[in-house]
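Can you make the complete structure from the sequences, with help from the hints?
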Amino acid sequence: MKDPAQRADRSPAAVFTEAYRAHAGTVLGYLGSQGVEDPEAVTQEVFLSLYPRLRTLSGGKEGLRALLFSIAHARVVDHHRRRARTPASVEYDPLDDPRVTPSAEDHVLTGATGASQLLSGLRPEYRQVIALRILGELTIDEVAEVLGRSPGAVKQLQRRALIALRNELDHDQELTLGTPSPAQDEVEATR
Amino acid sequence: MTDDILKAGPVRQLLDDVDMADDARLATALESYRMRASAEPPTPSPEVARLLSRRVRTRTRVSGRPGARTTTLVLLIAALGGGASAAAAANPALHAIVRDALSSLSPHEHAGPPIEHPGTGTRTPVNDTSAGTERKPAQSGPLAPPTEKSISGPSDPTAATTDGSGQEGQQKPTDTKGTTGAAEPTAVSGSEGSPEPQPAESPAPTKDRNDDPTTSPRPVAPGGSDGSPDSVESTPSATPAPYQG
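Note that the protein sequences, when read in sequence, are chains A and B.
Sequential numbering of the first sequence, starting at 3, is according to the numbering used here.
Sequential numbering of the second sequence, starting at 221, is according to the numbering used here.
The set of hints was computed from the structure by calculation and includes no laboratory data.
Treat the numbers as computed from the prediction; the structure is a model and nothing was measured.
C-beta atoms are modelled at their ideal positions from N, C-alpha and C, and glycine is treated no differently.
Some clues are possibly wrong.
To be verified - Using 25 Å as the maximum straight-line C-alpha spacing, the simulated SDA-like pairs for lysine to any residue come out as follows:
(1) A:157 to B:238
(2) A:63 to B:271
(3) A:157 to B:233
(4) A:63 to A:76
(5) A:157 to B:271
(6) A:157 to B:237
(7) A:63 to B:229
(8) A:157 to B:252
(9) A:157 to A:79
(10) A:63 to B:269
(11) A:63 to A:27
(12) A:157 to A:177
(13) A:157 to B:248
To be verified - Far from chain B, some chain A residues (derived; all Cβ distances over 10 Å):
(14) 28
(15) 39
(16) 55
(17) 61
(18) 62
(19) 83
(20) 125
(21) 149
(22) 155
What follows is the structure, encoded as structure tokens:
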């Protein structure tokens with residue numbers, strides 16, 4: 003099956019439609035994992051920026067995906083810069099407070115924080131590399147192009163990111179095994 | 221199982237790049253992250269929806285372009301109207317209702333049920349002039365059972381179709397031959413809606429019959445061609461017309 007971006011005879015609208023179907027959800031997940039406040043609105047902006055560049059697009063499926071995530075990454079950088087200049091003031095919501103200690107049920111069911119929250123505890127560049135490699139399915143060279151780094155630097159970054167993630171998982175496992183749940187306490191007390 | 225899922229995926233590729241392919245816990249966490257982050261495509265904004273191809277946009281709409289909708293609506297109305305007309309045409313009760321309504325508007329133009337003559341028991345079909353080719357004489361003697369043709373006036377399609385021609389066939393000769401005495405009373409009584417026929421002025425059909433040698437003896441009804449139900453009810457007070465066959 004040919005990729006839509008590889009068909010020269012297709013109209014930009016058709017390519018754009020298939021790109022939206024195939025990648026809008028992934029771009030939304032990428033933006034959400036990078037801490038963008040309104041990922042759905044930024045997803046629309048990303049695709050609006052993609053459309054005028056479809057005529058000069060080359061590289062087929064991989065080229066389309068690399069272009070799409072490079073636009074998305076630029077939006078993420080813009081978002082964080084803007085937020086750094088003008089910090090957003092929001093009302094306190096205890097459900098959104100990340101400082102809350104996970105309950106015993108959380109430990110049993112999903113681990114201490116879950117994979118997404120484990121990744122959110124990593125450094126931003128680690129998160130970016132892992133997200134671009136896994137969600138964007140980009141190669142090392144494409145990630146290097148998006149981030150503006152060399153491929154060697156990207157290799158080092160992804161290695162350090164995975165080591166940091168494994169340490170987070172180990173720490174989460176220690177928390178899960180080391181802290182008995184209240185239900186276990188009750189069972190022990192009845193015995 | 222996990223190896224099968226991760227075999228060709230980006231997680232496996234990433235772990236291979238950093239030589240951590242044997243770390244199942246890390247692979248599971250990354251795959252979980254990938255599954256959670258891959259959400260459904262969000263609803264496109266109006267600006268993005270304008271750029272999407274028409275094939276996608278028409279899926280979200282209920283119907284197609286307005287021209288097709290109008291054509292479909294017109295065809296639907298025409299089909300419903302045609303069906304209703306066909307059902308009405310096949311309904312004898314509706315025939316009777318329409319016939320009554322038409323006779324109330326112009327009673328002299330529609331044939332009614334046969335008129336019964338009380339004295340002789342003669343039953344004369346009113347205005348049974350099937351284009352002048354089939355004319356039945358009045359039945360004499362005891363009251364004969366009415367034939368289907370004579371009593372099924374409203375529901376008989378042939379009677380309904382020959383009503384107009386029969387009326388013309390009876391009126392025209394009298395007009396052209398100057399038998400004003402025969403046609404005028406009928407027209408007057410019909411136009412005024414009077415139920416009383418005038419039997420004294422009814423020999424016009426007789427004259428008409430005599431002038432036409434090709435036709436068989438013709439039944440004559442008192443009151444001429446007034447075939448409305450009102451005239452049928454008033455026949456006992458009328459004098460029966462003599463049969464001159």
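Evaluated hints:
Taking the CA atoms of residue 157 of chain A and residue 238 of chain B, the gap is near 8 Å; set against the 25 Å cutoff, the hint holds. Taking the CA atoms of residue 63 of chain A and residue 271 of chain B, the gap is near 20 Å; set against the 25 Å cutoff, the hint holds. This hinted pair checks out: residue 157 of chain A and residue 233 of chain B have alpha carbons roughly 13 Å apart, not beyond 25 Å. About 20 Å separates the Cα atoms of residue 63 of chain A and residue 76 of chain A, which keeps this hinted pair within 25 Å; it holds.
Annotation: proposed proximity of residue 157 of chain A to residue 271 of chain B is violated, straight-line Cα distance about 38 Å (limit 25 Å). Restraint check for residue 157 of chain A and residue 237 of chain B: the C-alpha separation of about 8 Å stays at or below 25 Å, so the hint holds. Between the alpha carbons of residue 63 of chain A and residue 229 of chain B the distance comes to roughly 16 Å, so the proposed pair stays at or under 25 Å and holds. The suggested pairing of residue 157 of chain A with residue 252 of chain B holds, with an alpha-carbon distance near 22 Å, which does not exceed 25 Å.
Between residue 157 of chain A and residue 79 of chain A the CA atoms are separated by roughly 21 Å; this keeps the pair inside 25 Å, and the hint holds. In summary, the hint linking residue 63 of chain A to residue 269 of chain B is supported, as the alpha carbons are separated by about 22 Å, within the 25 Å threshold. For the hint pairing residue 63 of chain A with residue 27 of chain A, the CA-to-CA distance comes to about 16 Å; that is within 25 Å, so the pair holds. A C-alpha spacing of about 30 Å is found between residue 157 of chain A and residue 177 of chain A, which places the hinted pair above 25 Å, so the restraint is violated.
The suggested pairing of residue 157 of chain A with residue 248 of chain B holds, with an alpha-carbon distance near 21 Å, which does not exceed 25 Å. Listed as outside the interface, residue 28 of chain A is inconsistent with that label: its C-beta sits roughly 6 Å from the nearest C-beta of chain B, within the 10 Å cut-off. At roughly 15 Å from the closest C-beta of chain B, the C-beta of residue 39 of chain A stays outside 10 Å, upholding its exclusion from the interface. Listed as outside the interface, residue 55 of chain A is consistent with that label: its C-beta sits roughly 12 Å from the nearest C-beta of chain B, beyond the 10 Å cut-off.
Against chain B, the non-interface label of residue 61 of chain A holds: every CB pair exceeds 10 Å, the least being about 18 Å. Distance check on residue 62 of chain A: its Cβ is at least 18 Å (rounded) from any Cβ of chain B, clearing the 10 Å threshold; non-interface status holds. With 10 Å as the threshold on Cβ separation, the claim that residue 83 of chain A sits away from chain B holds: the shortest Cβ distance comes to roughly 23 Å. Here residue 125 of chain A stays apart from chain B, with its beta-carbon at least about 16 Å from theirs, past the 10 Å limit.
Remark: the non-interface label on residue 149 of chain A is consistent with the geometry, its nearest Cβ contact in chain B lying 15 Å away (cut-off 10 Å). Interface exclusion of residue 155 of chain A from chain B stands, the closest Cβ pair being 14 Å apart, more than 10 Å.
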